[in-house]
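Visitor: Residues per chain, in single letters:
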Amino acid sequence: MIKKISNLGDSALYCDFGNDVNQTINSRVIKIFRNLKKNTIKGITNITPSYNKLIISFDLDVINFEQLEEKITQMKIEDFGEVDKRIVKIPVCIDEEFSLDLKRLSEKLKINENEIIKSFLSKEYFCYMTGFIAGMPFMGDVNESLRLNRLETPRVKVPKGSIGITEQFCNIYTYDSPGGWNIIGNTPVEIFDKFKVDDPVKIRPGDSVIFYKINKKEFSNWNE
Amino acid sequence: MNKKAYFEILRPGINSTLQDLGRENQYHLGIPFSGAMDKRNYLICNQLVSNIINKPALEFAYQGPHLKLKSGKATCAISGNVSFNIIKNNKTLEGKCYETFDIGTDDEIDILSTNKSVYGYLSVHGGFEGESFWGSCSINTKAKIGSNNGMKYSKDQNIFLTDAESISYKKKIDYMNSKIEYIRVLKGTNFNYFSDEAIRVFFGNKFVVSKLLDRMGMRLEGPKIKNNVSTNIKSEGLVKGVIQVPADGNPIIMLSDHGTIGGYPKIGVIISADYDKIVQSTPGSNIKFKLVDLPEAENLYKLYNMDTQNLLNQIR
Numbered sequence: 000m001i002k003k004i005s006n007l008g009d010s011a012l013y014c015d016f017g018n019d020v021n022q023t024i025n026s027r028v029i030k031i032f033r034n035l036k037k038n039t040i041k042g043i044t045n046i047t048p049s050y051n052k053l054i055i056s057f058d059l060d061v062i063n064f065e066q067l068e069e070k071i072t073q074m075k076i077e078d079f080g081e082v083d084k085r086i087v088k089i090p091v092c093i094d095e096e097f098s099l100d101l102k103r104l105s106e107k108l109k110i111n112e113n114e115i116i117k118s119f120l121s122k123e124y125f126c127y128m129t130g131f132i133a134g135m136p137f138m139g140d141v142n143e144s145l146r147l148n149r150l151e152t153p154r155v156k157v158p159k160g161s162i163g164i165t166e167q168f169c170n171i172y173t174y175d176s177p178g179g180w181n182i183i184g185n186t187p188v189e190i191f192d193k194f195k196v197d198d199p200v201k202i203r204p205g206d207s208v209i210f211y212k213i214n215k216k217e218f219s220n221w222n223e
Numbered sequence: 000m001n002k003k004a005y006f007e008i009l010r011p012g013i014n015s016t017l018q019d020l021g022r023e024n025q026y027h028l029g030i031p032f033s034g035a036m037d038k039r040n041y042l043i044c045n046q047l048v049s050n051i052i053n054k055p056a057l058e059f060a061y062q063g064p065h066l067k068l069k070s071g072k073a074t075c076a077i078s079g080n081v082s083f084n085i086i087k088n089n090k091t092l093e094g095k096c097y098e099t100f101d102i103g104t105d106d107e108i109d110i111l112s113t114n115k116s117v118y119g120y121l122s123v124h125g126g127f128e129g130e131s132f133w134g135s136c137s138i139n140t141k142a143k144i145g146s147n148n149g150m151k152y153s154k155d156q157n158i159f160l161t162d163a164e165s166i167s168y169k170k171k172i173d174y175m176n177s178k179i180e181y182i183r184v185l186k187g188t189n190f191n192y193f194s195d196e197a198i199r200v201f202f203g204n205k206f207v208v209s210k211l212l213d214r215m216g217m218r219l220e221g222p223k224i225k226n227n228v229s230t231n232i233k234s235e236g237l238v239k240g241v242i243q244v245p246a247d248g249n250p251i252i253m254l255s256d257h258g259t260i261g262g263y264p265k266i267g268v269i270i271s272a273d274y275d276k277i278v279q280s281t282p283g284s285n286i287k288f289k290l291v292d293l294p295e296a297e298n299l300y301k302l303y304n305m306d307t308q309n310l311l312n313q314i315r
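Same order as they appear, the protein sequences are chains A and B. FYI, numbering that gives the first Met the number 0 numbers position 20 of the first sequence as 19, with every residue one higher than the one before it. FYI, numbering that gives the first Met the number 0 numbers position 17 of the second sequence as 16, with every residue one higher than the one before it.
With the rest of the complex left out, here is chain B:
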């Protein structure tokens, strides 16, 4: 009988977690959606290794993990803008994103960095063995929910593979992660808390992504956004993509692991079509916002979805 294949973690990376499409229907308990931050790259990665749509992939940020495969063979793929090496019999080969590669026992994958972006994904054919909580394996480190007891991976841990057999054919796709010019937003429910001048400042200026950035949220720095009414509202529900402006005037964007309730005025909400882009913005990069209306946002989502489906179809 074959011993179960697993990766030994030689170096865990900065924030390596298993993620899938996320956890529904738990906001009312205080549990956010979670799931892969960059959904398109997650989907592409799973498609490359012929996995079903909701299989967990290993998500990493900035510096990824250094992994060694113990027993068995595996077909892998990495998506994002990622530099990585494949080490076989002490020979180091430069890895290429968006194409499958095979590794065998004692081979290593060393994910060095995400370039000009935050997140990347590693998928293996058959998938990682995740633990499902409320329909999702996604790791939520705040509530300690999901696979690996809800914790990010650390050194010397093992990540088990479900059904790691290499597939005999190669798959690849030519894909370039597009640059952002604008992040498009819809008016938030407290839009009228802000004066015309504040709105002009918000849509007329660049903001810089600060270092206070994680899976929960992204704080921006730039011109202060003043509010005319109140800097607090009675706490109410949040969704990912909401832009809150607290008393200090610096916008905060809610990301996939956000607190489910918040009490700061909402100036805007990022449209679904641009969410994958905003999450890939690194500290120090510039953000410009552009106001759109709901029909436009819905159309842009349709286009985004069609593009994603086309990409996935090309891989099939």
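For reference, chain A alone in the conformation it holds in the complex:
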């Protein structure tokens, strides 16, 4: 499952699952992540899953790389199945006030704006990971016809709630943040809520996300 283990500095272990990005590989990453969350190994301070890597940070006062590598290699991996898999529905408003890059996408991809939105809304997206900023979900895969690079010059401030796409992925900005993804809409839903201490993120790795369209009025009156 893990192709190679190496050290990332003196207090983190880097598990490499290969270079491909797809749901099969990411599911393996998440499987190890969940196993480690359930059967805690003393000294681990953080576990960071991403598309095809898993980084395990540890407290060098408690354990070192060699000891942890041995534990990880010998770990009995349980399959928790898809128990945790949820489908999360996210409303999105495409009003021009929010769809900052729709025109650009339309011009670059040579597809009209309605078709872009239709294509985007037609798919169920898999959440590969959360992070960069608190709770930001990295999801995929968007239809091939919609894939485009990041903006050449990133925005200094992407508004909170913005939904962006770049290459095969889409994301949601959980805070105002610098960023270079192509923004196509905005959601009024709070994706990260620090006061829900036990479960602050709306979308977890492994979840499926469905976007549906709402109008400006529904957006303004949104009340969870």
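Worth flagging that the hints you see were computed from the coordinates, not collected in a lab.
Here are the simulated lysine-lysine pairs, PhoX-like style, with alpha carbons at most 25 Å apart: (1) A:LYS193 / B:LYS143; (2) B:LYS141 / A:LYS159; (3) A:LYS159 / B:LYS143; (4) A:LYS156 / B:LYS151; (5) A:LYS70 / B:LYS186; (6) B:LYS141 / A:LYS195; (7) B:LYS141 / A:LYS156; (8) A:LYS195 / B:LYS143; (9) B:LYS186 / A:LYS3; (10) B:LYS151 / A:LYS193; (11) A:LYS122 / B:LYS233; (12) A:LYS193 / B:LYS141; (13) B:LYS301 / A:LYS70; (14) A:LYS41 / B:LYS301; (15) A:LYS195 / B:LYS151; (16) A:LYS37 / A:LYS3; (17) A:LYS2 / A:LYS37; (18) B:LYS233 / A:LYS30; (19) B:LYS210 / A:LYS156; (20) A:LYS41 / B:LYS38; (21) A:LYS2 / B:LYS233; (22) B:LYS233 / A:LYS84; (23) B:LYS233 / A:LYS159; (24) B:LYS143 / A:LYS156; (25) B:LYS233 / A:LYS156.
None of the values given here were measured: they were computed from a predicted structure.
With chain A's structure known, arrange chain B on it following the hints.
Guide: Leaving out everything else, chain B in the frame of chain A:
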């Protein structure tokens, strides 16, 4: 009944936040470790005022806050390389780092500057009243998490003290913050993205700390580090101390409030033993890197830890 003691902020300073030992187990949500940047100075400061190990201290950068104690008495200490004054009954006394001092109602602490360094710490006996999120009071201004609604302190705010009573005995320690010669690093996971020439440049030259420096990261300027493979990788997790090299060839060091995921190649990772030193490097100062291997890094950490423990034991 005694009114709860608090500091009134007459001047907030540039970046004054409460910090403790940091927040574990939230990287997967996008929440970094945070915590005191210079761990040793934080620990010494808390030890001086006899606080338990994880009590939040007030961390400041460059220019610190000007505080006035309202009601009660407090035993305080300041660590780092810091110039500050204690103002009692309109008399200004020059403060001394690494020793406790007592203040009473309406006395002021004016933290003027950190000298040739970035961060300093103020601890009070009993500790500041922090709000804990996921086991830490550390303020993370990006995710707005921790004490003070996750924001740095501003003028006219009050910082409450938990149990501010002065302790009757003085504590001090002779400590000099050591100068850095080299910052020691381990090979990063994309080390082989860089040619032998690029590696020679990286370890053979000085880099200058740029003005783009905060609790999230430190950008360096100097000779460009070219990469042979790709200037982007598929986004993956980061840890503090990682040195990334983006397309422009200028290294970026991830610090305690870093984004948890990044997509630039990692040329190296700063060893844990040198982290306290790198964070104290001011804009304009020079950095030289030196390559070490893992057993060496682990040994250096043991030494660093022993030194820290010895210092803390001297204060006891």
